[in-house]
Amino acid sequence: MNIPTFFPLLSGIFVFFLGFIVYFRNPKSKINIIFFFVCLSIIIWLFGTFMMFLNRDNDPLAIFWDRFIYVGVVFIPAVFYHFSLVFSEIKNKKLLILGYILSSFFLIISRTKYFVNDLFKYKWGVHTQAKFFHHIFLIYFSIYLILSVINFYRTYRFSKGLKKEQAKYVLIAFLILIPIGSTAYLPAYKISIYPFSYLSGVLFASVIAYAIVRHRLMDIRIVAREVTVYGVSLIVSAVLCLIGLSLIMKYVLPFVPFSSSLIWLMLAISIFGIVIFQFVKEKFSQFANRYLFYPLYSFEKTIENFSKKLSRFIDLNHLVFSTTDTLKEVFKLDNIALILRKLEPPKGQLKLLGIKEESGDTFYLAKNIGFNEEEISLLIKNKFLLYYLEKNKKPLVSDELGFLAEEIKEQSLKNKFLTIKKFMEKMKAGLYLPLLIEDRLVGVFVLGKKVSGDAYSIQDLNLLETISSQIAIAINNAQLYEQMQRFNQILKAKVVEATKELINAYKELKKLDESKTEFLSLASHQLRTPLSTIKGYLSMILEGDYGPISEEVKEAVKTVYQSNERLIGLVNDLLNVTRIEAGKLEYNPTLSDLEKLIKEVTEEMKLPAKKKNLKIEVFVEKLPKFNFDPEKIRQVLINLLDNAIKYTEKGKITLIAKTQNSNVRVEVKDTGIGISRERLNSLFQWFSRGRGVYRLESGGFGLGLYIAKKIIEKAKGKIWAESEGEGKGSTFIFTLPINK
Amino acid sequence: MEKNKKFKILIAEDEEPLLKMYLLKFKNAGFDAYGAKNGEEAFQMAKEIKPDIILLDLIMPMGDGFCILKKIKSENHLKNIPIIVLTNLAQDGDKKEALELGAVDYLVKADFTPAQVIEKIKEILKIKK
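Top line first, the protein sequences correspond to chains A and B. Per this note's numbering: the first sequence = residues 155 to 894. Per this note's numbering: the second sequence = residues 449 to 577.
A couple of the hints might just be wrong.
Claimed, not checked - The list that follows gives simulated cross-link-like pairs (lysine-lysine, DSSO-like), each with its CA atoms no further than 27 angstroms apart:
1) A:Lys760 with A:Lys712
2) A:Lys872 with A:Lys750
3) B:Lys570 with A:Lys779
4) A:Lys521 with A:Lys604
5) B:Lys485 with A:Lys750
6) A:Lys776 with B:Lys568
7) B:Lys518 with A:Lys894
8) A:Lys738 with A:Lys823
9) B:Lys485 with A:Lys708
10) A:Lys708 with B:Lys475
11) B:Lys454 with B:Lys544
12) B:Lys518 with A:Lys753
13) A:Lys753 with B:Lys574
14) A:Lys435 with A:Lys604
15) A:Lys547 with A:Lys486
16) B:Lys518 with B:Lys495
17) B:Lys568 with A:Lys750
18) B:Lys468 with A:Lys708
19) A:Lys548 with A:Lys463
20) B:Lys568 with A:Lys779
21) B:Lys570 with A:Lys712
22) A:Lys712 with B:Lys495
23) A:Lys823 with A:Lys764
24) A:Lys750 with B:Lys544
25) A:Lys563 with A:Lys576
It should be emphasised that the hints constitute simulated quantities derived from the structure, not laboratory data. Keep in mind the model is a prediction, meaning the values are calculated, not measured.
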């Protein structure tokens, strides 16, 4: 056994894993199925060769394994051609069917001595010798493989973007496999050659795997990884087993008789191999996941995690941190940045709050991990890039920018793309992910290249597209929230400012109000002084302090006295209203005798009543002493009686006072002009006098009832008026709670 | 109190016609009436004549009514003399303050005739009618 014996085995293992995993990862895909058959035919060739090499000294067995090889090899032209059609999306059924017919024909012929026979043993291996039909087969083989290569080349030549790149690698893979692999035919024609042709499988699998990883060929990126893991693990396990086996053969076998124990030994080695394989696979998988490629993520789980995180934060800073961090983790990135568009404030809102609108770029760098900030700021200024992302709405992958540029015919536009490409390469950006709300670009995620060197897969792009809209909404909400909070703070400051102004204004007003009250108080004092002088002297003249006077003079003096009294009343009313309006009406209840007060007041009022020939009748029940302000209630009684006298031309005035539940009820009833229903409610307002009253009396401001109402309200009582209508008299009633 | 005793009344009033008027009325009513035209004079006279009752205006030159009220109430030999505030200031606050300072009553001049004031004085001095 020499090393080249293992070449076909090694290649076979690689192709085996590649083919099977491509198939099982997506058994429904036509291209994956065909690729599986491509691999299968290669595997049969390689495995058969390995077995043939092992049995180079056993002629019948060597011939048997060579015939086994041709089971796969005869189908190579048909399946390769088939794969080229499917990959290139070309239809050529006739040639394809013909290929399969020819392959089937050669399958049958290959079982006969007219295809291969006799062995050719050379330094590094063994091969059967080609016979007549083999020559014909080679013609068929060459034509179909050339046709296949032409198909790949045409795909490469005429397709664009990613497909072109994929076609390039497929073409390379087949251009390696076909010429190198074909040298395996040389020993059939007695040409001895080192069997490097069998290593073509390894190269073929590697190139295809690279295209899968870098250029999303067949979109089973995962496959390349598994091929790597399984392939490497298997090789390591095999090497370990072989070392074990050779040690056993060298040191143990010479002492053990060739018997069934050898079988047990082989079995033990096999079990050891399986165990070793599991162990190596696990360890290598861990190593590879850490250093060769980023761990696999679950699409649904990642989206779910994102949704959770996005719903958890409303604060912009947290959100920016959380999203960049998560993306960095998921894709195993060193560099990531987030550019956000400044939120445009609703029109007029800033102006309304007196804030100067900020000018400058509408985009800003919200977060940067690992990128050069100067380069990012150049990115923000690249209006074309931002415009393109907004219009295209899809992630822009740096690997694809070159293809994109190639597709564009207009030179200036092409240059713009090439500039972006250069720029992305310079800043080592792998992908730009636009964040959009409706059709408006609100931000861009700049993702670096994966640490593993892997390209962004379709799954990655789908994931990014799915979460980008969620991120955009969350960020927009957070920005709105932030703006709202900012406005809130500004509003608060404004409110504080306004409150200060209000407080100052209030203080000013209060000062003014105090001045006004002081002025009115002083003015009424000044008014009262001459009035009280007049009152005093007149009363003394009437009382005879200045000697006897005639009845005529007495009548005249009395009239002057009454007018003076009215003037005093007016001044008092004015002062009272001022106090009420200033909220300074005081009501000081003391334990007082209402019965006595009523008698005093009615006695006082009898004089003006008598002048109009009116009678005042008083019916007062025995009333308890209770707490009230006698001066204020006196004022109320005077006002009510004064009104009754004023608005009554004939008849009488009746005052009734009695207890009612826990109140005292006082009624002042007259037989005067009465009050219309509409006027009843407005009677107690400022300057409200009954309609038509000006015909009877013009004195007074009409403040009496207003003041009375305010006093009674202060005493927690009630006051109202009742009347059957105009000309039917009126009754004014008030109640006071009996507070003891 | 003796029925025939002449009570001394001190009236502090800066308004001359009013002062004359009250003096006449009180004399006619049988009182020994004295008048003072300002606060300081009122205080001095109170010390000299020791009146039975004082009628005190609030707005006066040379010591307003509140000051004089305080001063009199702080003199041991004067503090028991009843003082009626007789003024044309009708603010509740003023009345409250005067009563707190020790005035026995608070009358608004415009609301009372001199005869009514005498009734009040008699009530306070407990003179039988």
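Verification of the supplied hints:
no.: 1; hint: A:Lys760 with A:Lys712; verdict: holds (14 angstroms)
no.: 2; hint: A:Lys872 with A:Lys750; verdict: holds (21 angstroms)
no.: 3; hint: B:Lys570 with A:Lys779; verdict: holds (24 angstroms)
no.: 4; hint: A:Lys521 with A:Lys604; verdict: holds (18 angstroms)
no.: 5; hint: B:Lys485 with A:Lys750; verdict: violated (37 angstroms)
no.: 6; hint: A:Lys776 with B:Lys568; verdict: holds (26 angstroms)
no.: 7; hint: B:Lys518 with A:Lys894; verdict: violated (33 angstroms)
no.: 8; hint: A:Lys738 with A:Lys823; verdict: violated (31 angstroms)
no.: 9; hint: B:Lys485 with A:Lys708; verdict: violated (32 angstroms)
no.: 10; hint: A:Lys708 with B:Lys475; verdict: holds (23 angstroms)
no.: 11; hint: B:Lys454 with B:Lys544; verdict: violated (31 angstroms)
no.: 12; hint: B:Lys518 with A:Lys753; verdict: violated (36 angstroms)
no.: 13; hint: A:Lys753 with B:Lys574; verdict: holds (22 angstroms)
no.: 14; hint: A:Lys435 with A:Lys604; verdict: holds (24 angstroms)
no.: 15; hint: A:Lys547 with A:Lys486; verdict: holds (24 angstroms)
no.: 16; hint: B:Lys518 with B:Lys495; verdict: holds (14 angstroms)
no.: 17; hint: B:Lys568 with A:Lys750; verdict: holds (16 angstroms)
no.: 18; hint: B:Lys468 with A:Lys708; verdict: holds (22 angstroms)
no.: 19; hint: A:Lys548 with A:Lys463; verdict: holds (23 angstroms)
no.: 20; hint: B:Lys568 with A:Lys779; verdict: holds (22 angstroms)
no.: 21; hint: B:Lys570 with A:Lys712; verdict: holds (26 angstroms)
no.: 22; hint: A:Lys712 with B:Lys495; verdict: violated (40 angstroms)
no.: 23; hint: A:Lys823 with A:Lys764; verdict: holds (17 angstroms)
no.: 24; hint: A:Lys750 with B:Lys544; verdict: holds (23 angstroms)
no.: 25; hint: A:Lys563 with A:Lys576; verdict: holds (19 angstroms)
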